[in-house]
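Residue numbers (the working numbering), protein chains in the order written: chain A, 1 to 431; chain B, 432 to 717; chain C, 718 to 989.
No lab work stands behind these hints: they were computed from the structure. Any given hint could turn out to be false.
Claimed, not checked - With a cut-off of at most 25 Å between alpha-carbon atoms, the simulated SDA-like pairs for lysine to any residue come out as follows: (1) A:Lys-282 - C:Gly-731; (2) A:Lys-425 - B:Asp-488; (3) C:Lys-817 - B:Glu-580; (4) C:Lys-720 - B:Asp-488; (5) C:Lys-720 - B:Arg-712; (6) A:Lys-52 - C:Phe-776; (7) A:Lys-239 - B:Gln-459; (8) A:Lys-157 - A:Lys-357; (9) A:Lys-263 - B:Ser-567; (10) A:Lys-85 - B:Leu-534; (11) C:Lys-720 - B:Leu-485; (12) A:Lys-178 - B:Ser-532; (13) B:Lys-629 - C:Tyr-727; (14) A:Lys-263 - B:Tyr-711; (15) A:Lys-342 - A:Ala-318; (16) B:Lys-629 - C:Asp-953; (17) A:Lys-282 - C:Arg-750; (18) C:Lys-817 - B:Arg-712; (19) A:Lys-425 - B:Leu-485; (20) C:Lys-720 - B:Ser-532; (21) A:Lys-157 - A:Asp-284.
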Amino acid sequence: MKRNRLLAIMTGTCALAALAATAAAETSVVQWDQFSSSGATSSGPAMEALIKVCEGELKDVKINRTVAPSIGIRDAYRLAVSADKTPDLAYTWPAASVLAGYARTNKIAPLDAYYDKYKWENVTPFYRGRNSYQGKIYAVPMEQDLMGVYYNRDLFKKLGLEVPTTYAGFKDVVEKLKAASVVPIAFGNKDRWPATNTMSLLMGLSTGRANEEKVFFGDEAWTNPGFKLAAETFQQWGKDGYFPRGFNGIGVDEANALFLGGKAAMNVGGSWFLQDMARNAKFDIGVFMLPPIGDGVAPGTMWGEGSQWQISASASDAVKDAAAAYVNCLTSPANRQTWVEKGYTVPIGTTAEDLAKWNTLPLVKEFFGQGLATADSNFYDLHTTLPESVTQVLYPELQKLVGGDATPDAFLATMQDAWKVAIDKGERWAP
Amino acid sequence: MQNGRTAFLFVAPALVLYAVFVGLPILQVFAYSFFTWDSGTIRGFGGLENYTRLVADGVFWTALSHNAIWVVLTLAFPLMAGLITASILAERSPRTVRLLSVLYFLPRTIPMVVVGIIWLWIYSPIFGLLNWFLDSVGLGNLGAAWLAEPNTALLSLNIAGAWTFFGFCNIIYLAAIQSIDPSLYEAASLDGATWWQKFRFVTTPLLRSTTLFLGLYAAIEAMRFFDLVYVTTSGGPGYSTEVLTTHIYKTFFLVGDFGYAAALSVVLLAIVLSISGISYRMLRKP
Amino acid sequence: MTKRLRLFQYAVLGFFALYALIPVYLVLLASVRSEADLFSGPLSLPWPIDLSTYKRVWFESGFQGYFINSLIISCSATFLVMLTAPLAGFAFAKLNFRYKELVFGLFLAGLVLPAPSVIVALYGNLNRLDLLDSHLGVILPQAALLLPFSIFMMRTVMEDVPSELIEAATVDGASIFKTYWLIVLPIVRPGLMSLALISFLFSWQEYLLPLVVIQDETLKPLTVGAAALQGRYGVDYAGIAAAGVIAFAPVVLLFLVMQRSFVRGLTAGAVK
């Protein structure tokens with residue numbers, strides 16, 4: 001009798017211990033991201049769905065998710081780091097510059113071990129560089145973004161215009177649009193980042209990726225002929241009426257509304273606008289890649305990544321491992337389809353063939369089909385490549401350049417000065 | 432009568448609240464400015480490095496000049512507007528006075544963020560109401576990108592800011608005018624003074640301390656205002672609407688250089704406190 | 718007064734009335750019209766008034782919640798100010814103690830503080846106090862920031878209370894606190910009312926503080942919610958207008974109803 005009772009107690013204790021152990025073995029990961037759940041094409045629901053999928057697969061990982069406050073995740077992350085409240089895992093932007101800052105101050109953890117473990121081949125060297133600092137890699141980018149020229153097919157047809165295959169042809173199209181009193185390109189730079197994206201596109205098409213790398217990772221100065229061509233082109237667009245009047249005071253939303261309302265024929269924008277463009281256009285909408293501008297430059301487009309996953313350096317090893325495993329699940333090929341179909345984003349590693357098979361908008365397939373075809377010559381996104389202090393100079397200087405208040409030479413000289421200061425302070429990342 | 436301990440008890444609750452949530456952050460910012468920071472983390476002791484850097488910072492001087500221009504514009508327009516409307520209203524029936532004073536003050540009750548949104552819309556180049564209005568009265572060629580051109584941006588913003596301020600000036604001046612002895616006006620009338628002369632030689636001098644008070648208030652607000660610019664132009668185009676507070680904000684959040692942002696803040700505080708100190712002393716003169 | 722002068726004066730008054738009113742009217746107009754005829758069509762209010770945008774913004778875009786949050790935060794901050802400022806104001810007005818003017822000066826210094834300068838340090842402190850992402854994390858700093866103006870106003874108002882009354886009471890044996898509570902406060906009740914209204918107004922308008930401190934969507938006040946509507950891709954002018962009206966209508970109505978009290982509070986201290 002007594003022995004049975006003892007046995008029962010022992011079994012009970014063991015069971016409890018096992019339960020406690022299992023409960024203790026569940027690691028909680030605090031995640032911050034900016035996927036909102038409001039709006040028809042928000043990615044929030046997909047994020048929630050995938051959290052459940054991955055928690056199910058990983059069994060002992062629990063994700064504690066917070067959607068970033070209105071101040072924006074970039075600023076919120078900055079505050080959190082300064083208050084020693086860095087979230088375990090965050091999906092934030094931009095890469096390179098700001099990432100380098102956090103790496104330099106040991107706020108985020110190097111992820112080389114995890115890259116070895118999980119392979120993550122979809123993150124090609126082109127992306128890896130941007131997310132590294134001094135030889136170590138610190139983030140996992142997830143989405144890919146391209147730039148292109150959205151256009152109003154109906155309007156083009158009405159005016160007898162063809163999609164241009166050369167830059168001269170493009171200028172021709174613009175002149176014909178101006179003659180017909182249509183705003184050629186919808187553009188609003190009040191928020192200052194649109195010009196940076198447009199500049200990224202023009203820069204790559206004026207000078208090519210190899211030359212960009214000579215400046216961004218080498219010793220070449222901004223005041224080189226290729227960059228000058230880009231600056232001149234952008235300024236000429238502003239001066240020659242390519243944009244709506246007063247574009248430096250027009251917001252992104254208004255510029256898009258101008259295009260979507262049929263009052264502007266084209267919209268130089270990124271794939272991040274795809275859902276809004278496709279769903280709100282009252283006309284047949286298409287996209288083409290802007291032809292190269294400089295002599296001998298290969299066709300290509302800007303290729304960026306939106307945001308990236310980064311892990312806090314102060315998290316425990318268990319949490320770091322859990323976070324990495326979770327990210328591995330999120331970015332796995334199996335889940336890419338969910339991201340595309342339900343999250344309205346295109347993960348890195350998705351090919352045009354994949355997209356063709358999946359249930360997504362034709363415009364998405366068209367955009368990525370064209371943009372990914374030039375993968376070898378696609379070039380850099382200034383937002384994620386420049387140190388933050390340089391971006392903050394670029395913003396107002398671009399407004400001046402395109403507004404006609406600064407010459408291309410003056411613009412490049414100012415940028416070179418800011419660039420040099422940043423390099424001397426060790427802010428630049430190098431792949 | 433010395434009531435040391437009782438007085439302390441009376442003041443203590445406010446003092447504690449104030450010290451924890453206002454006093455402490457000020458001291459912290461002051462301390463931050465003496466260190467060098469990188470991406471929101473302290474790197475090392477910098478001494479006066481951040482302050483010397485300030486002197487050579489072109490953006491700082493540009494921003495400061497914009498704050499100064501803002502002060503002048505505010506003194507010229509809304510302050511004068513309040514004085515004139517108050518002088519006119521002082522002779523009207525109480526009902527008119529009340530109606531119009533309330534009307535003029537209405538914009539002040541609107542949160543600055545919403546003020547920014549409203550005026551963004553008014554000034555918008557494509558869909559904006561100002562250009563639409565100019566078009567409809569045949570002055571379409573005067574239309575411009577008000578917030579987008581460097582020459583007009585700051586002025587346009589100031590008109591939005593003045594919109595919220597002139598009603599306040601009106602109310603303050605009205606109260607002051609109503610306390611002026613009417614016999615002074617009667618005497619002036621007997622001497623054959625016109626309305627305008629009465630305004631210049633009776634009203635205005637007697638309102639000296641009120642004007643100083645409002646001027647001081649305007650100057651302080653002109654140095655510390657933030658919401659309006661942040662929501663509309665963020666300091667652009669270029670740097671044409673950059674003010675000290677937006678420069679500070681960007682340096683804190685976007686660049687992450689807490690030390691330099693702190694130094695900027697300390698300098699801003701010093702400027703404002705000196706203006707206040709000087710004006711306070713002027714106000715106390717009889 | 719010549720007729721021409723009178724006409725000129727009315728023109729001036731009328732001009733400023735239009736200046737004050739037109740932007741407000743335009744926002745009201747935008748909030749009750751459909752997107753299509755926002756910029757075409759007449760400038761008169763359509764009849765009957767279409768409140769569907771308000772319904773949408775209130776129920777679907779979360780503004781019902783934002784309104785309640787603003788109410789909670791502003792009422793609480795005002796309450797806190799009323800608890801602390803009159804006490805301190807009385808001490809500065811009627812009591813004597815060492816360093817009185819110095820402490821008063823310290824309070825006044827807070828009047829000139831720009832929010833962006835201290836927000837980072839404040840964030841760190843709030844984090845350590847575990848007050849982030851909570852209403853209290855906004856209420857406490859807000860009340861503290863309102864103190865300089867409030868104490869200045871309370872001091873001015875209480876200085877007007879005849880000292881003889883206070884002396885008479887204390888001679889009769891009442892403690893200073895009792896005198897304050899039973900004699901002084903009732904006399905300055907109008908001033909207290911004004912202070913409450915002005916504190917409520919300023920608190921309602923606060924933007925940067927709640928923007929930074931509050932992360933949880935369900936805790937945000939109206940200012941943050943209204944501004945957030947702006948940054949999305951795709952423009953919703955009617956919605957933004959309606960959100961703006963919801964954000965300012967309560968305090969405008971409050972002001973209209975209690976104007977005299979507001980005005981008295983604002984002029985206290987200015988006209989001395």
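Q: Could you grab the alpha-carbon distance between Lys-629 (chain B) and Tyr-727 (chain C) and see if it respects the 25 Å cut-off?
A: holds (18 Å)
(Q) Check whether the Cα positions of Lys-817 (chain C) and Glu-580 (chain B) lie no farther apart than 25 Å. (A) Since the Cα atoms of Lys-817 (chain C) and Glu-580 (chain B) sit roughly 50 Å apart, the hinted pair is violated (cutoff 25 Å).
Q.
Would the hint linking Lys-720 (chain C) and Leu-485 (chain B) be met if the CA-CA limit is 25 Å?
A. violated (58 Å)
Q: Compare the distance between the alpha carbons of Lys-425 (chain A) and Asp-488 (chain B) with 25 Å, and conclude whether the hinted pair is satisfied.
A: holds (17 Å)
Q.
Lys-85 (chain A) and Leu-534 (chain B) were given as a pair; does the straight-line alpha-carbon distance stay at or below 25 Å?
A. Distance ~47 Å between Lys-85 (chain A) and Leu-534 (chain B) Cα, so the pair is violated.
Q.
What's the verdict on Lys-282 (chain A) and Arg-750 (chain C), does the C-alpha distance respect the 25 Å limit or exceed it?
A. The hint holds at about 21 Å.
Q | 25 Å limit on alpha-carbon distance, applied to hinted pair Lys-720 (chain C) and Asp-488 (chain B) | A | violated (57 Å)
Q) Taken at face value, is the distance from the CA of Asp-284 (chain A) to the CA of Lys-157 (chain A) at most 25 Å? A) holds (10 Å)
Q) Given the hinted pair Lys-282 (chain A) and Gly-731 (chain C), is their alpha-carbon gap at most 25 Å? A) violated (44 Å)
Q: Could you grab the alpha-carbon distance between Lys-817 (chain C) and Arg-712 (chain B) and see if it respects the 25 Å cut-off?
A: holds (18 Å)
Q.
Hinted pair, alpha-carbon criterion (25 Å max): Lys-263 (chain A), Ser-567 (chain B). Please report holds or violated.
A. holds (20 Å)
(Q) Need the status of pair Lys-629 (chain B), Asp-953 (chain C): alpha-carbon distance at most 25 Å? (A) It is violated: about 52 Å lies between the C-alpha atoms, which goes past 25 Å.
Going down the numbered hints, you'll see the structure goes against 1, 3, 4, 5, 6, 7, 8, 10, 11, 12, 14, 15, 16, while the others check out.
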